[in-house]
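Sequence order for the protein chains is A and B. In case it helps, the working numbering puts the first sequence at residues 152 to 717. In case it helps, the working numbering puts the second sequence at residues 152 to 717.
Since the hints were made in silico from the structure, they are not lab data. Hints are not guaranteed to be accurate.
Which copy is meant is left open, so a pair is good if it fits within one copy or across any two.
As the list claims (entries may be wrong) - Think about it this way: if two alpha-carbon atoms lie no more than 30 angstroms apart in a straight line, the pair counts; the simulated DSS-like pairs of lysine-lysine are: (1) K438 with K232; (2) K209 with K652; (3) K550 with K506; (4) K492 with K210; (5) K209 with K277; (6) K210 with K715; (7) K587 with K555; (8) K652 with K210; (9) K246 with K438; (10) K277 with K613; (11) K327 with K573.
Predicted model only: the values in this text are computed from it and were never measured.
Listed below are the residues making up each chain.
There are 2 protein chains.
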Amino acid sequence: MRQSQMFGKTIREAPKDSILPSHKFLYQGGFIRESAAGRYYFLPLGWRVHDKIRTVIKKEMDRAGAQEMITPVLHPITLWKESNRTSSVGFELMKVEDRNGTEFVLGGTAEEMLVDLVRKFSISYKDLPFTLYQFSVKFRDELRARGGLLRLREFVMKDAYSFHATEEDFKKEYEKMRETYSTIFRNLGLETIVVESDNGYIGGEYCHEFVVESDAGESRFLTTDDDSYAAHEDVAKFQKYQGDADEEEMARKDVEGKGVIGVAELAKFLNIPVEKTTKTILFETEKGEVIAAAVNGIYDINEVKLKNIVGCVELSLARSEVVEKVTRAKVGYAGILNLSKEVKIIMDDSLRGRKNFECGANRTDYHSININFGRDVPEPERFYDIALAKEGYLSVEGKPLVAKKGIEVGNIFQLGFHYSSKMKGAHFIDRNGDQKHYYMGCYGIGLARTMATIVEMYHDEKGIMWPGIAAPFRVHLIEIKSQKSEVRSAAETLYEELLAKGIEVLYDDRDDKTAGEKFADADLIGIPWRVVVSEKTLEQNSVEVKARNSREVVLVLLEEIQNKFS
Amino acid sequence: MRQSQMFGKTIREAPKDSILPSHKFLYQGGFIRESAAGRYYFLPLGWRVHDKIRTVIKKEMDRAGAQEMITPVLHPITLWKESNRTSSVGFELMKVEDRNGTEFVLGGTAEEMLVDLVRKFSISYKDLPFTLYQFSVKFRDELRARGGLLRLREFVMKDAYSFHATEEDFKKEYEKMRETYSTIFRNLGLETIVVESDNGYIGGEYCHEFVVESDAGESRFLTTDDDSYAAHEDVAKFQKYQGDADEEEMARKDVEGKGVIGVAELAKFLNIPVEKTTKTILFETEKGEVIAAAVNGIYDINEVKLKNIVGCVELSLARSEVVEKVTRAKVGYAGILNLSKEVKIIMDDSLRGRKNFECGANRTDYHSININFGRDVPEPERFYDIALAKEGYLSVEGKPLVAKKGIEVGNIFQLGFHYSSKMKGAHFIDRNGDQKHYYMGCYGIGLARTMATIVEMYHDEKGIMWPGIAAPFRVHLIEIKSQKSEVRSAAETLYEELLAKGIEVLYDDRDDKTAGEKFADADLIGIPWRVVVSEKTLEQNSVEVKARNSREVVLVLLEEIQNKFS
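Chain A extracted, bound-state conformation (with noise of 0.2 angstroms):
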């Protein structure tokens, strides 16, 4: 490609709102241009990258004996009303309708419309297992978009979906996607971890995310040392505080305390320790159900964890005229005790087994010391997991937590039976002649934001240096501007040479740009390798050679420069 016809020219501004070295550098670099927050066009540049992205994804997929194909867009509603996922996914699902009046779904993933394909069909135990994926374009509704492609509303997904006759079936599959997938993200130069995650709106008993290590990322997640756990945040677990069940009981008192609210400082006040405090917290859902969610004093509570127990899409903090009503006292004295009935109670299981505890005394300005289960408050029926995981914890086998940050890149989900025996239809007939639902795993790569996190994670702070399987091209070749037709020539001769031994190269024969500008435009592209062409490097035969990553400048002869990149 000639960049004097190229589409897209770099520029020196970086986009007021860009924070990341990746919003930043393919803005620049002339990749992407924002349309709406959240929906960006790709670039000649750009889209060459994403491209390569999508060879390299096919390739392992192709291998691993997935199967390509393609659904629409547009998902009839009439689908997500069967999964019961209409309800379940709330805002972030945008809905369009035809002039027909036929409501369809603008899919952020396509379970529906894969059992619904597969439905179609007469499957018997001998068809399975298979697996169905594809590359197309999928909606998130999300609030905030992000600068760049790290959080965007539209993108391209490679979503697949797997069908099995059994359980044992879907684990070997489960375990051939996690190794394609860590092969993927490592021929594009990415190392990943995997962790335990949260499925989200997508359903299922437990999935992973594969996350790179990153402070530009979003994922917040917990491993230990030895990697022998990896988990984020909000399905962590850790070893929590044990009461002594021992522990004699003594006699319940209310303290006043006006004012007295964060447990540090109450502690300090009711002179016990932070670890006999209690965190009470009331929420509100979106159907208006009240919760109170109480953890030990030392932890804080997950809302995802809470979110997932309760069974509710959104969590709010309990407006005050509720935590009035239901705690009969004003805020910030709310306790586990008495509440009024219609509020749930979520306790958390750093609650279990403690003697002695404070709570707040849903009473203004007071506070409750030496509460007991059963004497003062019913012990509940069951403890939950509601507490945030934080570093320094310790891992269930006892190994300390480590915080990381990092990006998602891509998701594998157990999905069970949890679409198949919700939607009609979707079953194989056994061994036996019987009709069994199928068992289902789900997987899924965002292609532009592994785009970005490739750019986090190869830049310097002149440009992107993008790993040569992502590159969108392998060679800039750079033509110095000289008064002499030789170096013209050269340029172009080498340039058809390059090209005809399949050689992708980006040639930079602009009339109007300097030397300086042509070397700061090659970083800022960050094509793996530069080739330089100029009066000076002519006299000695030869091109200057550099490499993107490396700061070495090599002169090699013409006449060996051709085979240098086959």
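We have chain A already, so just place chain B on it with the hints.
Chain B only, in chain A's frame:
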């Protein structure tokens, strides 16, 4: 690919509503399944074909210097308002709103998006011309979708947009795209006729359809035997009846003739030649305008020509109460005489220069004869072409027109300044430093329709006969089940050898199918080469080779077969 593992079985039953071979065979062969009307799943076999077509198109577009990129699927409605297409497109446009209340359009084409992208850059005459293209999902909210892939509501389109400093420069690209398109279709085995056509809602002054002649098509066009003229009936011009301007004007008469309606009957009843009669038809537009369209009685009205002149989106026959109001007579007696002032009269140029003609009297049961312009009815400032061209009429150059039907597989459009003049900032800086609007063109190919067209052109009563370039696989290797394990091992070996040579093979390794079933499936799926391994062929150390489009079956030695397809 092993057929035993391939998702998407062949099936004997055709879809209930299938009339067209492309619909029937693509369904039966396991290439496609319908999701909702006009929205299709492409199964692995079908998606391979779609991908081959994409590859052919991409190769030629790249060769022509066009640059691939992508726009978001959701187009901000504000852009469509700038170009005023929200109103002109009418009901074919689907709209969707995000949670923030921002409105988007599900685009049918992407002119506004491309202009919006290009205007984000400071473009000068040095950057022009360039052509950008994409393969992206397009939406058309068609009232009726046709069975199969011929008329879809959602499909992948290759749409390209070119930007130029001058009309002359645009014309070169238009010609280049015309040639590129012809090459693309020829490579895919389709001979196309380039037909002048109506620009629909795209805008611009002229455009051409690429049509494959076929009874399955919906494009009606007219050509001359020597191919010097080809035009869609919506734009086709022809030599019209010329009245004798020297004829002496006779006295106007109103003749009572209740219920005499058709022009032939009327001419007989009035004892005048049919060419003296006038057809006057009253229409209403979507804005409530009433239009009287009049042609010489020997012709019919083409509503698309009429719509373009009136500048409306919808045109429907006027309701009887409207007819009665503006003609002050019952339905059936409308003419161009004394119509109510609100009526806009559009006269075809077949009325020009006529003397002593008939027209409805706008008086119940009456017909006026010997009507003359000037004396009885004002001569209009301008006559138009609103008559429908038909077989046998003479072209403007005097050659008889032949009526044909075909499938529109591609289009090229002159857009001129249609978009760049309407959208703010759609300009470049010319040599003199002045801002000028760029001159544009656009170019589209529907991939699914092209796929269906190939099937329409390449099939027999048993199934599809893919041209090699579009075939999902090159070789269909069939193993005939046998007690002897040598058959399986010979087939497996051959399969691996062919794959190793880079030949795409569908290997029918199914154990539960008879030879007859396998042959029937091979004929249905239509892979170019069928290679059969059986006990019988192995006795001669051979395989049986048959081309799908030939009856000849030849024995080829195993040691030679591996080279046959390289």
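- Item | Ascending list of hint numbers which this structure does not respect | Numbers 4, 7, in rising order.
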